[in-house]
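Chemist: Sequence:
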Amino acid sequence: MVSVLQLGIFLTISICLVGSTKTINTTYYLLYAPRRFSIDDGLNITIVLFGKVEPTTEVAIKLKDGDKVLKEISQNVSADKKIAFFKMYTGDLNVGHYTLELNLGGSLKVFCDYGSTTTILTAKNIHKPGDTVKFRVLNLYRNLTARNSSAKVNIKDANENLLSRMQLTSENGVSVGEFPISSRPVLGTWTIEVEQDEETTKKTIEVMEYVLPKVEVTAESPKYLYRLNEDKLKDVILSVKVKALYTQGKPVTGIATLHITCLKKNSFSQKITKETTFKINLGEYASGVCHYFNINASVENDLDKNVYYADLTATSVTSFPIRIMQHYEENLYEPNVTSRFKVTVQRVDRQPLTDEDRKNPLKISINIEGFNYSKSSKIPEDGIVEFGFTPPNRDRLPVEVVYDGVDQSKKFQVKQEVILVHVTAYGSMSLIRKDDETTKPEFLVVFPAPVTDYFYTVVSRSKVFISKHVQQDAAKFATISFDTNGMFLKADLVVGYNEKYGELLSASASVDVKRPTNVSLNAKFKESPVEPGKEAELIIQSSPNTMAFVAAVDKSVFLLSKKTDSISEIVSCL
Numbered sequence: 001m002v003s004v005l006q007l008g009i010f011l012t013i014s015i016c017l018v019g020s021t022k023t024i025n026t027t028y029y030l031l032y033a034p035r036r037f038s039i040d041d042g043l044n045i046t047i048v049l050f051g052k053v054e055p056t057t058e059v060a061i062k063l064k065d066g067d068k069v070l071k072e073i074s075q076n077v078s079a080d081k082k083i084a085f086f087k088m089y090t091g092d093l094n095v096g097h098y099t100l101e102l103n104l105g106g107s108l109k110v111f112c113d114y115g116s117t118t119t120i121l122t123a124k125n126i127h128k129p130g131d132t133v134k135f136r137v138l139n140l141y142r143n144l145t146a147r148n149s150s151a152k153v154n155i156k157d158a159n160e161n162l163l164s165r166m167q168l169t170s171e172n173g174v175s176v177g178e179f180p181i182s183s184r185p186v187l188g189t190w191t192i193e194v195e196q197d198e199e200t201t202k203k204t205i206e207v208m209e210y211v212l213p214k215v216e217v218t219a220e221s222p223k224y225l226y227r228l229n230e231d232k233l234k235d236v237i238l239s240v241k242v243k244a245l246y247t248q249g250k251p252v253t254g255i256a257t258l259h260i261t262c263l264k265k266n267s268f269s270q271k272i273t274k275e276t277t278f279k280i281n282l283g284e285y286a287s288g289v290c291h292y293f294n295i296n297a298s299v300e301n302d303l304d305k306n307v308y309y310a311d312l313t314a315t316s317v318t319s320f321p322i323r324i325m326q327h328y329e330e331n332l333y334e335p336n337v338t339s340r341f342k343v344t345v346q347r348v349d350r351q352p353l354t355d356e357d358r359k360n361p362l363k364i365s366i367n368i369e370g371f372n373y374s375k376s377s378k379i380p381e382d383g384i385v386e387f388g389f390t391p392p393n394r395d396r397l398p399v400e401v402v403y404d405g406v407d408q409s410k411k412f413q414v415k416q417e418v419i420l421v422h423v424t425a426y427g428s429m430s431l432i433r434k435d436d437e438t439t440k441p442e443f444l445v446v447f448p449a450p451v452t453d454y455f456y457t458v459v460s461r462s463k464v465f466i467s468k469h470v471q472q473d474a475a476k477f478a479t480i481s482f483d484t485n486g487m488f489l490k491a492d493l494v495v496g497y498n499e500k501y502g503e504l505l506s507a508s509a510s511v512d513v514k515r516p517t518n519v520s521l522n523a524k525f526k527e528s529p530v531e532p533g534k535e536a537e538l539i540i541q542s543s544p545n546t547m548a549f550v551a552a553v554d555k556s557v558f559l560l561s562k563k564t565d566s567i568s569e570i571v572s573c574l
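Residue numbers (the UniProt record's numbering): 1 to 574.
Calculated directly from the structure, the hints in this document are not laboratory data.
Glycine included, every Cβ here is placed at the ideal spot set by N, Cα and C.
Just so you know, not all the hints are guaranteed correct.
Now the in silico label distances, taken between C-beta atoms and shown as ranges [to be verified]: (1) Ser510 <-> Lys214: 19 to 25 Å; (2) Ser467 <-> Lys234: 44 to 50 Å; (3) Arg394 <-> Ile466: 30 to 36 Å; (4) Phe525 <-> Thr191: 29 to 35 Å; (5) Lys514 <-> Thr479: 18 to 24 Å; (6) Tyr292 <-> Ser377: 19 to 25 Å.
Take these sequences, add in the hints, and give me the full structure.
Modeler: This is the structure:
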């Protein structure tokens, strides 16, 4: 007899192995068989012999139900082949557990079923406290015919507590069940388990508190629009996209409204489902002095009739998408000394220059009596263009810089005058404005000699707003910038220092103070109409840090003055 060591190895593909050994002249064998098989598929078995194998080995396999032999197959395996394949017919078996017994001493437990699949279906995947969960269990054979059988169902909460156990019997392959969720359940992931034929099928659901969906409204508008070569806003279209979605992503249906400052008609409305785009011809609605537009978008939801607001957005209208900036500190020269100078080509929106932006060369020229200079230069990726020549003995040289470009298939030309300044050992000082006159004023101060301390003062309408004394390392240059908050119409800047011989040298410049254009204010009664003699709530939305004044007319006047983004006050209507 061959001494046998039985091995049971469970693989991920549900294949089991049984092996035997001989203590002296060792022979090994492996038994491959599925632990689970379908009645219709039959049982496929493989025996592999290795080690020292007899010239002929008889291999016999019995299928037993307890001690009763149900089926038996055998074949002789030659030493040169060492492998045998068996196919056992199982169509007459019942569902249940059986044993495969090998005449070489090994055995293996197997299970026979009908090869069906179990699927759990629920009406929805998310439930709230107090709900009743309804589910179905679908049983199908592999040929998609219905299987009618019983199954055990277990319900477990998010902490794996067993809450319910039920027995279901399918009819036409479908069984139906339900269970309640208490008003104060364990929140989280619950599990529905179906046990059938010693297999478990699971389905998870989420139990969570119900939260009303929120509405989110957004508005998108271009940061800049360009007039190009036009003096007016003719054919300049302001495009505003408004989106309205619930927090879970579903679309909101209602009426979208835009309130836009600085327009003859400042309110526009149209229907919205998820998103809509407004196309507003500024040439039709804007006056010639309007160059900055605050946009306040809102959506009235058809479902709850509430109004939801987007964050404020703004669009500026400027001449061109490209501007020419000069390098003030490097645009200084000494007469008859070869010098190099720089200008920068940059986009107004601060984005990198595109290949289309750099397609045409930059033209630089000087045309004054007794001196001419011209150059065409490619624009590099960083936009910094250098040029050089030997300047004549002049106090200053005006340089014309010309840029030719295309925006939305329309050609335009930017002309910018750059001033080169003559620097001498002694002489007057200069003030050169550096900003683009749309932000706070910034000046470059050019001293005739290195200076370690200086002063400057800013005055508007006879009132001194700024007065400072500045110390620095010895330098011929300084930069001054200041805010114009509170100033009116014009501001005058005076800069001075004491020259080493005791003489006071100074320079002055004036700047226009722009009126604020970024004010947006909308007011609406919460409930309409307002009944006389009763209090009414007035909702006011203003742009950040705006002083909002509200007057309730008729027989009384009510004044609100608050620095806030949103004001909600009770107004008495008489």
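Chemist: Determine for every hint whether it applies to the structure shown.
Modeler: Outcome of the hint check:
For Ser510 and Lys214, the Cβ-Cβ distance of about 51 Å falls outside the hinted range of 19 to 25 Å, so the restraint is violated. Between Ser467 and Lys234 the Cβ separation comes to about 46 Å, which falls inside the hinted range of 44 to 50 Å. Under the hint 30 to 36 Å, the C-beta atoms of Arg394 and Ile466, about 34 Å apart, fit the expected range. A hinted range of 29 to 35 Å for the beta carbons of Phe525 and Thr191 is inconsistent with their spacing of about 52 Å.
Here the CB-CB span from Lys514 to Thr479 is close to 21 Å, well matched to the stated 18 to 24 Å. Range check, Tyr292 to Ser377: about 34 Å between beta-carbon atoms, so the 19 to 25 Å window is missed.
Hint check: violations occur at hints 1, 4, 6; the rest are consistent with the structure.
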